[in-house]
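Undergrad: If you're matching them up, the sequences are chains A, B, C and D in order. Read in order, the letters of the first sequence are residues 1 to 492 in this note's numbering. Read in order, the letters of the second sequence are residues 1 to 492 in this note's numbering. Read in order, the letters of the third sequence are residues 1 to 492 in this note's numbering. Read in order, the letters of the fourth sequence are residues 1 to 492 in this note's numbering.
If you're looking for bench data, these hints aren't it; they were derived computationally from the structure. Among the clues, some could well be false.
Note that the list lumps identical chains together, so a pair holds whenever it fits in one copy or between two copies.
[As the list claims (entries may be wrong)] Pairs of lysine-lysine residues, derived as DSSO-like cross-links and limited to a Cα-Cα distance of at most 27 Å, are as follows:
| hint | residue 1 | residue 2 |
| --- | --- | --- |
| 1 | Lys-231 | Lys-383 |
| 2 | Lys-81 | Lys-383 |
| 3 | Lys-231 | Lys-194 |
| 4 | Lys-231 | Lys-484 |
| 5 | Lys-231 | Lys-366 |
| 6 | Lys-194 | Lys-383 |
| 7 | Lys-441 | Lys-231 |
4 protein chains.
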Amino acid sequence: MPPAHPFDTSWLRDCDSEDKLREECGVFGVINVAEAASFVALGLHALQHRGQEAGGIVCHDAEQGFNSARRFGYVRDNFTKQSVMETLPGPIAVGHVRYSTTGGKAPQIRDVQPFFGEFAMGGAAIAHNGNITNADALRRELIERGSIFQSSSDSECIIHLMARSLQRTIPDRMEDALRRVEGAFSVVAMTRTKLIGVRDPLGVRPLVLGQIGEGWVLSSETCALDIIGAKYVREVSPGEMVVITADGVESRYPFRPQKSRFCIFEHVYFSRPDSIIGGRSVYETRRQIGVELAREAPVEADLVCPVPDSGTPAAIGFAHESGIPYSMGIVRNQYMGRTFIEPTEQIRNMGVRLKLNVNRALIEGKRVILVDDSVVRGTTSRKIREMILEAGAAEVHFRIASPPTAWPCFYGVDTPQREKLLAATMSEEEMREHLNVDSLKFISLDGLYRAVGEAEGRNVACPQYCDACFSGEYPVEPSDQIEKGFELKAAE
Amino acid sequence: MPPAHPFDTSWLRDCDSEDKLREECGVFGVINVAEAASFVALGLHALQHRGQEAGGIVCHDAEQGFNSARRFGYVRDNFTKQSVMETLPGPIAVGHVRYSTTGGKAPQIRDVQPFFGEFAMGGAAIAHNGNITNADALRRELIERGSIFQSSSDSECIIHLMARSLQRTIPDRMEDALRRVEGAFSVVAMTRTKLIGVRDPLGVRPLVLGQIGEGWVLSSETCALDIIGAKYVREVSPGEMVVITADGVESRYPFRPQKSRFCIFEHVYFSRPDSIIGGRSVYETRRQIGVELAREAPVEADLVCPVPDSGTPAAIGFAHESGIPYSMGIVRNQYMGRTFIEPTEQIRNMGVRLKLNVNRALIEGKRVILVDDSVVRGTTSRKIREMILEAGAAEVHFRIASPPTAWPCFYGVDTPQREKLLAATMSEEEMREHLNVDSLKFISLDGLYRAVGEAEGRNVACPQYCDACFSGEYPVEPSDQIEKGFELKAAE
Amino acid sequence: MPPAHPFDTSWLRDCDSEDKLREECGVFGVINVAEAASFVALGLHALQHRGQEAGGIVCHDAEQGFNSARRFGYVRDNFTKQSVMETLPGPIAVGHVRYSTTGGKAPQIRDVQPFFGEFAMGGAAIAHNGNITNADALRRELIERGSIFQSSSDSECIIHLMARSLQRTIPDRMEDALRRVEGAFSVVAMTRTKLIGVRDPLGVRPLVLGQIGEGWVLSSETCALDIIGAKYVREVSPGEMVVITADGVESRYPFRPQKSRFCIFEHVYFSRPDSIIGGRSVYETRRQIGVELAREAPVEADLVCPVPDSGTPAAIGFAHESGIPYSMGIVRNQYMGRTFIEPTEQIRNMGVRLKLNVNRALIEGKRVILVDDSVVRGTTSRKIREMILEAGAAEVHFRIASPPTAWPCFYGVDTPQREKLLAATMSEEEMREHLNVDSLKFISLDGLYRAVGEAEGRNVACPQYCDACFSGEYPVEPSDQIEKGFELKAAE
Amino acid sequence: MPPAHPFDTSWLRDCDSEDKLREECGVFGVINVAEAASFVALGLHALQHRGQEAGGIVCHDAEQGFNSARRFGYVRDNFTKQSVMETLPGPIAVGHVRYSTTGGKAPQIRDVQPFFGEFAMGGAAIAHNGNITNADALRRELIERGSIFQSSSDSECIIHLMARSLQRTIPDRMEDALRRVEGAFSVVAMTRTKLIGVRDPLGVRPLVLGQIGEGWVLSSETCALDIIGAKYVREVSPGEMVVITADGVESRYPFRPQKSRFCIFEHVYFSRPDSIIGGRSVYETRRQIGVELAREAPVEADLVCPVPDSGTPAAIGFAHESGIPYSMGIVRNQYMGRTFIEPTEQIRNMGVRLKLNVNRALIEGKRVILVDDSVVRGTTSRKIREMILEAGAAEVHFRIASPPTAWPCFYGVDTPQREKLLAATMSEEEMREHLNVDSLKFISLDGLYRAVGEAEGRNVACPQYCDACFSGEYPVEPSDQIEKGFELKAAE
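Just chain A, same shape as in the assembly:
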């Protein structure tokens, strides 16, 4: 095997992500504040869970024009340095954190957003959270017509479509461009004088509007408003474009109206528990999932233990509903980080033990319920089960705070190919056997919908959320994927 590339994060992904689906991006922008880039840095730090591979900031200053910085690594390690931040002056800035999707190839700095384009009427930068499902086709068409792509990112299509638009203003060109684009997108963009936010017509990815003093903020989540002390105003609506200047916020609606289909997995895992989505506390929703799960799949046991840290709120809810004591049966090493950049063979083999340890004295002889947020490939679940049994547990029961993940996401989430998803190839009972646990239960799709506030459960005719990863029902046809051979779920 060739020595690991300095930026080969494939191994880290396995280890750090604990076998999770991963949100691929977070976006943030601010206008009409002093040192806007510093606010963006803080906002991106609060959104770091949405993308850890790299981050970028573009800003504009009346005297110095546009400036930008893009770096691999954490926000805290790059965008806190005097030497970097002093190159980013001005009252308007946008930023982006990303989680790689380039697969085999080493990530390149030119793939790091925001992307910037110089148009006849001036420059613009855009940061994109989501995924364009017809990007391959668009790219082929644009290259045919003479566009030069600099990155391997689907998001770059937007900037080239804007460059080719015949409209006179940048917001108009962005409307033009986004009408050609299919898929999921929450975009934060800027010109010399405007901050622009857009969500796709289904509103798959989140985007919120906030206010700070005389300034305005756009952010993937509300937790990033909190860190800078901004006030939450409202969500940008599905299909809405907001064009913000020093004078205020203008709303436009470039797309044909549709019923919204927000990503239900943002509630389950992606968003931070201290964010508010659709007026609901994410933490409270997750706790409620645990409550539903305890009702749907009760079991006699001595302890309810979360798989840290993402299983914690559902475990609290499960314990509360079931009356079985909540307990820290698994402890996480706070110093793990993502920086075992060059691990020796021995350390690679340690796998999950580098990060998690079983609280042996607590577990020994006990019947343990482990609450986790999801099972993707099942690799981590197996290792945890092993650790728990080694520590002497009498029984191990897995309770999963989401339905079986049986379909890949094509809307901006890093998922394994379908055949790698445990639930795509096994029944629940087969999975239980594979994981070798005493019981394994997933929350039902209806139970999940109830937990997010839909008292009647899922509306089968017209689902209230995008739940393609569970249901295989894709609200936007993944045309590039189909061209590459992906098979949609057969009509029943």
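Based on these hints, arrange chains B, C and D on the given structure of chain A.
TA: Same frame as chain A, but now just chains B, C and D:
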């Protein structure tokens, strides 16, 4: 103020330690395994919470002799690199992580342990957790007699005392040296063929013995045995020296026997919750502190929230005992780390908000009990109270899982000077006013003793633990400090 | 003043370039050899004198497709690392070293060539030495039509013009593109299977063809053929395009034929003395300039000293012709490099003394002739004169191996604005007074032409070389500059 | 083969040193100036040719006490950074540059001088140029008596001997210590208030005294006085100790007087050509060696070419005396440096071609005299001969500006073991055959003495210089070496 030194961690300490006392060291050693240094690296990673500033490993190989590496920063960032680890061959190794105590001066790599000395009968390396209370006097005497000190560390005295001993073997010289030393020490040392562990007569600092295959392990805590898959054998006894070779473990007792006085704060905060001390789960003890606290200081409220992450077990216990729901009212940013090395002014001012965020939707209008492990200077407690009130809490009640910290520790813990300790200058009611909360209660000293398993509480005549930081009763006279003007508690 | 940007090289330029004109680029390409990128790395190392700020390599491998690496800093520090070179596989590669021309702004990695474009028929990379004099106009036009520029480099125009061409093959598109371009260019480009070299119709910048085993090489200078052991074949002709495959070399002539105007300053300073241009040794030409200078401007003196290192060959010639002993009166510090990245104030003020020292024992009481290659702003010349006088020289005579540099170059050389050129604002006698030396003489333009082999001197009607920096006669109209207000020399 | 250690410089040594003997150290100190450490940094930069592996500075400030910094790499890369220099305040400082002698082991920062010791009467730092020939014996004795060595350096003995001295002042202790030491030493040391310089009784290594304003300077060479603008006062005499305070210079003579034996190789190669030794210009001496060589070993030829850069002065002298034109037949790549830290296999194999290139156009068909300063192992000479012949030279004649190097130096110079020295195993004719050149001549020992100003040549009874590397006559018995099996030259 001059620009921050690259290794000036004073600011980080404030921010990262959330106003805590900090253990200053962790030690780990292994003998009779292949690639011993790799095991030490993993052990130190598991002990990283005991010291984050720097780490070092010394090892010995029959062909290549002694080798060493010392680095600033996390274990995971240094001792995982092929280029470092391949310079550390051999079947025996010892390691050390440290938390700086050098105060104003920039830390120097020569202060990073293990220390190494070449004696007439061969080399030896020692790693020390604790603090030598007569180090200043010893150092003066040794310099007078011609020793050259390379570090500013009190621990270096041991190696010079060994060099001057007239004994023929290294273990004998170590006995000689340690009999001259006062204070707290858990030492892990090595020669070409021996791994040696010693605890001071009072056993203030922890040290455990483990076994892995044909090999033996010494470690500050059991959690570091778990990470390498070693079996826990027993604690090294207070006053015991174990001399381990490939052939087995020999016990010696170099000191006059005394009643042991283990550090009670290891139970409260220093040790990891998944470690076992004196046969008790640290997590379970902390949970029991919460139970005791709920009994001693009940209050009507809607939520029990831990101050993450150290308040969590006590909060679970408090919630369980009181019947008030346990809730994640404060959320911690997982990406904080300790690496805001060069923060801009704006980021410095963010303080605790970089790391913690209030779960606004949960807190609003609620009466909140916050459970924290300790109050040192009170700075972080005030900021948290502010955040909670800003988020709209109706009442804020602090419950603290340790008695008021009113005295500095001189046995290997980083404490502020006495006048900086809130509890040294204020009564409980004054502290409540200072923190401006609705109520503030600390667990009683007896309650704490009950939680660690002493059903009768504290034996006033002869306390079972070292609790000097609460009681001002120092089991070993801090002679260097007294010489510098420190005043012991007046006899009552 | 804000702290220096990590890549602010403005200060270094002053110090390192000793007040010189600087060539801005070197190009190198190779086809049909194993590990082509390694050869390119060596070639670029040999061409490092043509550009020290950054370097880049693009290569192509049948399996792994195109790969690239771009780095700031020296070739030897970047393109020798296993971790970098193993990402650059394949039998064909092109590379580029550059000297920044971005002026005030911090250099960006996206400005580092070779540039790469994906066209409908496949990818291509191009590396450009020279300067496009109508780049501003082209860029405006291309942006108007929807191209997105990624860099601030004039060279990027070529790739966008190629993207817009309607031709079917990459060489054909390159012809299309280069016919739109004005100015000076020696281009080395590659596709998946072809190595392409082009020189502008006047052949202002050099480009040579070499052969190594079964493979072919293109390089700015012959010294880079030597380092890899390649055989010199011939120069690419002015106006010629060579398209090289594994099967051989095809010549095309895309441009209207013109009389060539090679840059005469390549002979004076830019090229390495061990290169061969137009069949002549560069060293020998420079030595001959010294001979001519001794004939034109003799003076009685004790020593002839070069200003190291560029004045050496002319000084040898001057000494030989005059019979005055050649002597190392000024010694250069070999460890200067370009890496005083973050100099303290005191070191900034040291200026030239960090780099040069007078051989005091030699100079004292002597009449010294200093031979330098050129005088640009005169700042370094003044400092050297000071050092020499401080060391006790009786007389100082400057002899300059080029005519007065009175006009900026717009063909790929970094020159100060016209008003900063000493010779643009002063007569020779005024310069002598300004430098405060006993005599100052420049070689005549005819003398220079004789030294490069034109026995009759300069052909005024139709000069054999581009000598715009001396004569103000620009063979290609600098249209972008004229638009910005540059005034051509008034017709006489 | 294991991957190269980050600091494995063995390969670099071969390549960079061009098969030379290498001086191992340079020392510099200054007192009574503001920001003394900055002056030391500049001085060490000027002495960088005496040691490139690492450098260190110790300084003292009334408020901040002693501070130090030690770094691997060039002075210009470390001791120019604000962040480093601001930690080095105060009016007195000493520094050291070193060339590694640790052989196989990776260099350790603890081996980097100046060494520091805390004595009962205060601290002292010492920097040592030279080599202690009885260091092994001293070290054994000191360890036996309880000293702990931190480095593998022979120089550390001095500090331990000082620590054990019963004298009351540091200069007195240093006298005590140095009287126990055998070998060659030029020491620069400091206390809180004193700058101290000492040369061994034979004065083998250089040390000069300078003055700058109210301050005083000690330096290995005069070129380092020039860079800071200090005035040369005089050499420290062999056997003299100067103790300098703000009040002036006191001279002591701690040793039994002996006839001096200065290292003649300092004249040949080690010192910079712009330094002055014993009142003579080093450049002028080397030029004179060329003159002598032309007289002793004339040959008919077309060109005299130096092997750059060290052969240059002798080549100038040879050309002048012989009337054969001086010519740059070999050109050196200015960008070589020492930083091919991680070369690929291909680059390792390039060897000397990375650094030197033949001026083909000049050499072809010519009879060439190559003047080099010395032949050590002959590896580089062979490669150069090959390159010259490949370029088409008709004849190649080597003229060497030193006698055959047949004996290792034990006084602070890095020499291969005796059996690796070409001249130790071959006669001049055998060497000529081995190098495969038309002729090979070394200057005679008498010729060399004449060139350094001894009109009568070498005084066989009592040589004026240390010339052990040529003659095998060691003025100080290398006792450690003899113990390890080194055989002195048999008496004739």
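Undergrad: Between Lys-231 and Lys-366, at a C-alpha cutoff of 27 Å, which is it: within one copy, between copies, both, or neither?
TA: Between copies only: 20 Å across chains, 46 Å inside a chain, cut-off 27 Å.
Undergrad: Classify it for me, Lys-194 with Lys-383: is the Cα-Cα distance of at most 27 Å met within a copy, between copies, both or neither?
TA: neither (50 Å within a copy, 35 Å between copies)
Undergrad: One pair to classify: Lys-231 and Lys-484, alpha carbons no more than 27 Å apart. Within, between, both, or neither?
TA: So Lys-231 and Lys-484 fail the 27 Å test inside a copy (45 Å) and across (48 Å) alike.
Undergrad: Regarding Lys-441 and Lys-231, is the shortest C-alpha distance of 27 Å or less found within a copy, between copies, in both, or in neither?
TA: neither (40 Å within a copy, 33 Å between copies)
Undergrad: Classify it for me, Lys-81 with Lys-383: is the Cα-Cα distance of at most 27 Å met within a copy, between copies, both or neither?
TA: Intra 39 Å, inter 25 Å, cutoff 27 Å: inter-copy only.
Undergrad: At most 27 Å between alpha carbons: which applies to Lys-231 and Lys-194, within, between, both or neither?
TA: Cα proximity of Lys-231 and Lys-194: one copy only (20 Å, versus 58 Å across).
Undergrad: Pop the pair Lys-231 and Lys-383 into one bin, within, between, both or neither, using alpha-carbon distances up to 27 Å.
TA: Only across copies: Lys-231 and Lys-383 sit 19 Å apart there, 43 Å inside one copy, limit 27 Å.
Hint violations for this structure: numbers 4, 6 and 7, all remaining hints satisfied.
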